[in-house]
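Participant: Following the hints, position chain B with the ligands against chain A.
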Amino acid sequence: MSDRKTLQIQRMSAHPGPIPGTGVQRDVQVCKLVDTTTCIGCKACEVACVEWNDMPFGATTFDNTYQTMPETRWNFWNLIKFNEHPREDGTVQWLMRKDQCMHCADPGCLAACPADGAIVQYTNGIVDFNQENCIGCEYCVSGCPFNIPKLNPGTKKVYKCTLCSDRVGEGLEPACIKACPTGCLKFGTKDDMKFIAEERAKQLRDNFGMEKAGVYDPESIGGTHVIYVLHDATDPERYGGLPKNPTIPWSYTVWKWLFKPVLGAFALFGGLGVLLHYVTVGPRRPQPEPPNKEGTNGNGD
Amino acid sequence: MATAIERFDERARRRFESLGRTVVYVGELRRHPVYTRFLHWMVALFFFLALFSGFGIYLPWLFRWFTPIFGGGPLARALHPWFGIFCVFFFGLQMLNWLKPMMWTPADTNWMRNLRGIVSGKEKLEPPDTGFFNAGQKLQFWEIVIGCVVFLITGIILWAGARTFGSTLVAISYVLHDVSAIVMLGGIFVHIYLSTIGEPGTFQAMTRGAVSEPWAWTFHPAWYREVTGRDPRESYEKAREETERAVTQNPSESKLRSK
Ligand code: HEM
Ligand code: SF4
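Heads up: the protein sequence lines correspond to chains A and B, in order. Numbered according to this note's numbering, the first sequence spans residues 218 to 518. Numbered according to this note's numbering, the second sequence spans residues 608 to 866.
Next up, chain A with everything else stripped away, as it sits in the complex:
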């Protein structure tokens, strides 16, 4: 019952000055590992997510695939994406990818967010939304390379997967991990998960004839705290909405942190400029002005 939080914040959206809690606590980088080669599309993780987070049982959409709905919703954070990949020999391969927040090391949502403390990143790498600070602008939606944050139009607050920060903070694994029956989902430190993922990819390359098997942990956003083992790491797009080189739009990086303040200051210099004009050159008065001390009447001659 102390007010000491289990999870300390290392980054906070739109926050002036240092981040409270910096350096209070040592923490490991956590990571979720999703092995797409052993996912059987059973949706146990979807149900576990809905159960643990007490989300309502919303209507699903059937579109002749094994996918529950077209994309995640503000109150449905974990979706198994289903894609059919035509092989060269004419057969098809079923691809199941667990879609959820990737918990980027460089979160685009956090960079885009203009509300103080609406988006935070904990020292363990989890990116979390604090709805009480959210102003409902949806900039995070356009800052996210994975189309993850979703707005509740009724309350104008944005929601997404929390990586079960409430469970992880208590030393438990996320609900989806606990539910997975095949062991395709694993949770641990980033180092451990990366090691296991690379071993598994090597196994797929050496023993299963998947020469292009590899790990998805995109460097372009500093790596992610959810990583995938893919049958073909050279073409992540085929898994539906997994960009090869995810990036944050420069509007929320260079523009936001450099040009906005600099150009804004220029506009304010406009105010300074007119002030200086007033005290140096002075106002222009309707003519003729009354004669001044030197005897000229101020019309320039």
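Keep in mind that a hint or two might mislead.
Covered stretches of chain B (in silico footprint by chain A; criterion: 3 or more residues with CB under 8 Å from a CB of chain A, positions within the stretch not fixed) [what the hints assert, rightly or not]:
hint	region
1	635–648
2	700–712
3	739–746
4	778–784
5	802–811
6	819–826
Which chain A residues stay away from chain B? Per the calculated CB distances, all over 10 Å, these [unchecked claim]:
hint	residue
7	His232
8	Thr255
9	Gly275
10	Thr278
11	Asp323
12	Gly353
13	Gly405
14	Thr451
15	Arg455
16	Val498
Worth flagging that the hints you see were computed from the coordinates, not collected in a lab. In this text, all values refer to a predicted model and were calculated from it rather than measured experimentally. All C-beta atoms in this analysis are idealised placements derived from N, C-alpha and C, irrespective of residue type, glycine included.
Facilitator: Okay, now just chain B with the ligands, sitting in the frame of chain A:
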């Protein structure tokens, strides 16, 4: 089309003139009718409301103290687009109202060549062919027209968000919306300065709607000629001689004035 707009403006001006009034004293000229003044202050009001509610979203770590004025972040965010819509709406009417006097003429090109002399205060009188609006005012007017169009388009995209328009379009609009605000804000500083302390006697043009004759022959000589039929330079010379005579006849006046 053009005549339909004119008829609309005519009707609006007449309607507003019966609601308010413009008193023109002796030695003054009527400058802006009630309709124009009403639109101008509606634009200014909603412009500043939009500006201040936008500040907190523009640079939150610097301008977070603006948001409480509007009842906190969520409310500021919810109100901001409406302020903007109203600002653009009123300016749209103002644009129609002012379309004619804001057309660019050769006199304006001439005025721009004299800009240095005017800013440095060396040219006390505007070029004789300066009409109802000078080139600086026209430039600002057209900047605001373009700015309003950019605000409106990018604002709607940001309002509906990436759900409707996709991330790329939102990211681009985010930048353009800022650019429009920065340019307009810089211009507004100059505008407020010139229409208040920078050129004394101007402010009343937008409040009471009337200006003094010396103001008119100094800043808008061609307009002065148009409405009075008198030559602005002659009127000015006559006034100058009169002040000088008054001063030589009554030297204590000059001592008083020069204090
Ligand atoms: C406190 C703020 C403001 C003051 C004191 C002010 C004052 C004035 C005055 C006195 C005029 C008449 C000039 C003349 O008759 O020659 C004028 C014209 C005008 N105002 Fe403002 N204004 C203000 C804010 C704004 C804002 C926010 C906008 C638009 C966003 C605006 C747009 C215009 C335009 C387009 C004109 C006509 C062209 C010009 O004179 O530059 N004004 N204003
Ligand atoms: S909608 Fe997203 S970007 Fe906007 S305040 Fe909320 S969390 Fe931040």
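Participant: With reference to the structure, classify each hint as holding or not holding.
Facilitator: Status of each hint after checking the structure:
1. With a cut-off of 8 Å between beta carbons, the region 635–648 of chain B has 0 residues touching chain A; three or more are needed, and the interface restraint is violated.
2. Against chain A, the region 700–712 of chain B contributes 0 residues with a C-beta closer than 8 Å to a partner C-beta. That does not satisfy the three-residue criterion, and the hint is violated.
3. Three residues within the 8 Å Cβ limit are the bar, and the region 739–746 of chain B against chain A gives 0, so the coverage statement is violated.
4. For the region 778–784 of chain B, the assignment as covered by chain A holds, since 4 residues bring a beta-carbon within under 8 Å of that chain's beta-carbons and 3 suffice.
5. Given a C-beta distance limit of less than 8 Å, the hint that chain A covers the region 802–811 of chain B holds, as 5 residues qualify and 3 suffice.
6. For the region 819–826 of chain B, the stated coverage by chain A is satisfied: 6 residues place a CB nearer than 8 Å to a CB of that chain, which reaches the threshold of 3.
7. Chain B draws A:His232 into its interface by the beta-carbon criterion, the shortest separation being 7 Å against a cut-off of 10 Å.
8. Against the 10 Å criterion, A:Thr255 stays outside the reach of chain B, whose nearest CB is about 32 Å from its own CB.
9. Non-interface call for A:Gly275 relative to chain B: holds, since the shortest CB-CB distance, roughly 17 Å, exceeds 10 Å.
10. Listed as outside the interface, A:Thr278 is consistent with that label: its C-beta sits roughly 17 Å from the nearest C-beta of chain B, beyond the 10 Å cut-off.
11. In this structure A:Asp323 is separated from chain B by more than 10 Å, as the shortest Cβ-Cβ distance comes to about 16 Å.
12. Distance to chain B contradicts A:Gly353 as a non-interface residue, since its nearest Cβ pair spans about 6 Å, not more than 10 Å.
13. Distance to chain B confirms A:Gly405 as a non-interface residue, since its nearest Cβ pair spans about 32 Å, more than 10 Å.
14. With 10 Å as the threshold on Cβ separation, the claim that A:Thr451 sits away from chain B holds: the shortest Cβ distance comes to roughly 24 Å.
15. Residue placement check: A:Arg455 keeps its beta carbon more than 10 Å from all beta carbons of chain B (closest about 21 Å).
16. A beta-carbon of chain B comes within 10 Å of the beta-carbon of A:Val498; the shortest separation is about 4 Å.
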